[in-house]
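> As a plain string of letters, each chain reads:
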Amino acid sequence: MATVTPAFAWLHGRGPRTYGRFVAELPVDDVIIGSIRIAAGEDRIEVVAEPRDWIEVTGPAQVKTDGSMTTVDQVNGRIIARVPLGTDVAIGTTSGRVEVVGPLGEVAATTTTGRISISGATSVDVRTDTGTVNVSEVGHRCRVRTRKGKVVINDCGGHADLATDSGRIDVTEANGSVTAHCVTGRIVVAMDSANDVAAETVNGRIDVSLPPGIRAYNPEIDGLQDLTPEGYDCTVVARSVSGRVTVEPR
Amino acid sequence: MSLSGNQECAGAVLFTDLVGFTEYNESVGDAAALQVLDAQTHMATAALKGCAGARIVKELGDGLMLWFANAADAIDGAGALLDAIEHARHDGSFPLAVRMGLHFGPVIPRGDDVVGLTVNIAARLSDIAGPGELLVSEATIAALGELPTPAVCAVGPIAVKGIREPIWVHCVERAGEELL
Numbered sequence: 001m002a003t004v005t006p007a008f009a010w011l012h013g014r015g016p017r018t019y020g021r022f023v024a025e026l027p028v029d030d031v032i033i034g035s036i037r038i039a040a041g042e043d044r045i046e047v048v049a050e051p052r053d054w055i056e057v058t059g060p061a062q063v064k065t066d067g068s069m070t071t072v073d074q075v076n077g078r079i080i081a082r083v084p085l086g087t088d089v090a091i092g093t094t095s096g097r098v099e100v101v102g103p104l105g106e107v108a109a110t111t112t113t114g115r116i117s118i119s120g121a122t123s124v125d126v127r128t129d130t131g132t133v134n135v136s137e138v139g140h141r142c143r144v145r146t147r148k149g150k151v152v153i154n155d156c157g158g159h160a161d162l163a164t165d166s167g168r169i170d171v172t173e174a175n176g177s178v179t180a181h182c183v184t185g186r187i188v189v190a191m192d193s194a195n196d197v198a199a200e201t202v203n204g205r206i207d208v209s210l211p212p213g214i215r216a217y218n219p220e221i222d223g224l225q226d227l228t229p230e231g232y233d234c235t236v237v238a239r240s241v242s243g244r245v246t247v248e249p250r
Numbered sequence: 001m002s003l004s005g006n007q008e009c010a011g012a013v014l015f016t017d018l019v020g021f022t023e024y025n026e027s028v029g030d031a032a033a034l035q036v037l038d039a040q041t042h043m044a045t046a047a048l049k050g051c052a053g054a055r056i057v058k059e060l061g062d063g064l065m066l067w068f069a070n071a072a073d074a075i076d077g078a079g080a081l082l083d084a085i086e087h088a089r090h091d092g093s094f095p096l097a098v099r100m101g102l103h104f105g106p107v108i109p110r111g112d113d114v115v116g117l118t119v120n121i122a123a124r125l126s127d128i129a130g131p132g133e134l135l136v137s138e139a140t141i142a143a144l145g146e147l148p149t150p151a152v153c154a155v156g157p158i159a160v161k162g163i164r165e166p167i168w169v170h171c172v173e174r175a176g177e178e179l180l
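Same order as they appear, the protein sequences are chains A and B.
Note that the numbering used here has the first sequence beginning at 1, numbered continuously upward.
Note that the numbering used here has the second sequence beginning at 1, numbered continuously upward.
Okay, chain A solo, but in the shape it has when bound (with noise of 0.2 angstroms):
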């Protein structure tokens, strides 16, 4: 990856390293969207989707960009990544605050007890130990992953990939399959279309509820079958060691 230099940038010291403003012309081409990755520690960041062709990145940091990927290395003190709309981001930190606006491409983020926020993506991936994640206006695959920590989602319109050891993940107007396994946690999901549901857990609590009058068809109960059956809406599989795991509609 080489190193550009940047245009109106204040820089100090040695390597390319930008205190000030650092702007990264992207070929403007309309099929080509680039990427964006960051790795902060314990300060702010931000990433904003703006209708623009290049990516504006403000603050003390690190700054590479091949003209597809730029990749953004957190020195110290707050962060904003200002990036065409669509654009791909893979954040990272530690215990610092992290807050994604789009709409934006695929948004993958991970924090060990950081604060996270992402709002408007075609797809995320999240991923704290004990940290806290709100996400909000996904279009498709939402894949969340947390040790002890709370992720709230709100509107997933693809499959919800949810797993939790001893933490909680809500999941509201879900509106794809659901795979959801906790340990000990809790899962709450509500379901706003008939769709597919995987359900497991070891001894906590997962509860899925259906739109009103859906009919789901539960193998172990109804016989099994590779796929629906004919008069039923949805499938349910749901499996426990000694926990609990109920799927009604509302």
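It is worth saying that the hints were derived from the structure and are not from the lab.
From a predicted model like this one, the values you see are computed outputs, not experimental measurements.
Warning: the hint list may mix true and false statements.
[To be verified] 20 angstroms max Cα-Cα, derived EDC-like pairs, lysine to aspartate or glutamate: (1) B:Lys49 <-> B:Asp30; (2) A:Lys150 <-> A:Glu99; (3) B:Lys161 <-> B:Asp112; (4) A:Lys148 <-> A:Asp170; (5) B:Lys161 <-> A:Glu42; (6) B:Lys161 <-> A:Asp129; (7) B:Lys49 <-> B:Asp76; (8) A:Lys150 <-> B:Asp127; (9) B:Lys161 <-> A:Asp73; (10) A:Lys150 <-> A:Asp129; (11) A:Lys64 <-> B:Glu165; (12) B:Lys161 <-> A:Asp43; (13) A:Lys148 <-> A:Asp207; (14) B:Lys58 <-> B:Glu138; (15) B:Lys161 <-> B:Glu138; (16) B:Lys161 <-> B:Glu146; (17) B:Lys58 <-> B:Asp127; (18) A:Lys148 <-> A:Glu137; (19) A:Lys64 <-> B:Glu138; (20) A:Lys150 <-> A:Asp73; (21) B:Lys161 <-> B:Glu173; (22) B:Lys49 <-> B:Glu86; (23) A:Lys150 <-> A:Glu173; (24) A:Lys148 <-> B:Asp127.
[What the hints assert, rightly or not] Which residues of chain B face chain A? A partial, calculated answer using Cβ under 7 angstroms: (25) Gly20; (26) Glu23; (27) Tyr24; (28) Ser27; (29) Ile128; (30) Gly130; (31) Pro131; (32) Ala154; (33) Val155; (34) Gly156; (35) Pro157; (36) Ile158; (37) Ala159; (38) Pro166.
Just so it is clear, CB atoms sit at the ideal spot from N, CA and C, and this is done for glycine as well.
For this one, chain A is given, so just place chain B on it according to the hints.
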């Protein structure tokens, strides 16, 4: 590259971890839990066939540490083990999901064990993987060179103690999602 003596060499370390094993053990008792561990080891041994130089380094409670001589075998072997466990879960013969983390890098053999930052990174990847997932480091994908790379999606950077630079992580996409 094979392990020999105390010479540093490059290879891939895979960690597996059974999700919820402790709670499962409390619910079903030691005898049933031991059967699960034996089944995991049996499936891992089968998955290593065809991977020259690969072996189970050690058993770590409810997980395994495995060594592969190259990244291609590591991804294939890890995928084969994951598929075997997921298939067994689907037909009801295996009760728990497994999570996996894989990293390619330098290690130092120490008797039958291997040590080094590569081991720490692989273990950290396993920590953040979800049930039924294989997470790999970007270095592992880069180690494939000209060989075909698996379909992956970005997970993001993680910090690993003792390593200044973040480790960029990817999730290996599996063909089709199966219901339990």
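> Is the hinted pair A:Lys150 and A:Glu99 satisfied, with a Cα-Cα distance of at most 20 angstroms?
Holds, because 16 angstroms separates the two Cα atoms, which is no more than 20 angstroms.
> Taking 7 angstroms as the limit, does the beta-carbon of B:Gly156 come near enough to a beta-carbon in chain A?
Holds. Min distance 4 angstroms.
> Given the hint that B:Lys161 pairs with B:Asp112, test it: the Cα-Cα distance must not exceed 20 angstroms.
violated (25 angstroms)
> Minimum Cβ distance from B:Pro157 to chain A below 7 angstroms?
Check passed: Cβ of B:Pro157 comes within 4 angstroms of chain A, closer than 7 angstroms.
> Can B:Tyr24 be said to touch chain A, with a Cβ gap under 7 angstroms?
holds (6 angstroms)
> Decide if the proposed pair is consistent with the structure: B:Lys49 and B:Asp76, CA atoms, cutoff 20 angstroms inclusive.
Cα-Cα ~11 angstroms, so holds.
> Identify whether the interface hint at B:Pro166 stands, where standing means a beta carbon of chain A within less than 7 angstroms of its own.
holds (4 angstroms)
> Is B:Lys49 within 20 angstroms of B:Glu86, Cα to Cα?
holds (19 angstroms)
> For B:Lys161 and B:Glu138, compute the direct alpha-carbon distance and say whether it is at most 20 angstroms.
It holds: about 18 angstroms lies between the C-alpha atoms, which stays within 20 angstroms.
> For a C-alpha distance cap of 20 angstroms, please report whether B:Lys161 and B:Glu146 respect it.
Violated. B:Lys161 to B:Glu146 sits at ~31 angstroms, over the 20 angstroms cutoff.
> Classify the hint on B:Gly130 as holds or violated, based on whether any CB of chain A lies nearer than 7 angstroms to its CB.
At 4 angstroms from the nearest chain A Cβ, B:Gly130 passes the 7 angstroms test, so the hint holds.
> CA of A:Lys150 to CA of B:Asp127, is that 20 angstroms or under?
Given pair A:Lys150, B:Asp127 holds - Cα atoms ~17 angstroms apart, limit 20 angstroms.
Checked against the numbered hints above, the structure violates hints 1, 3, 14, 16, 18, 20 and 21; every other hint is satisfied.
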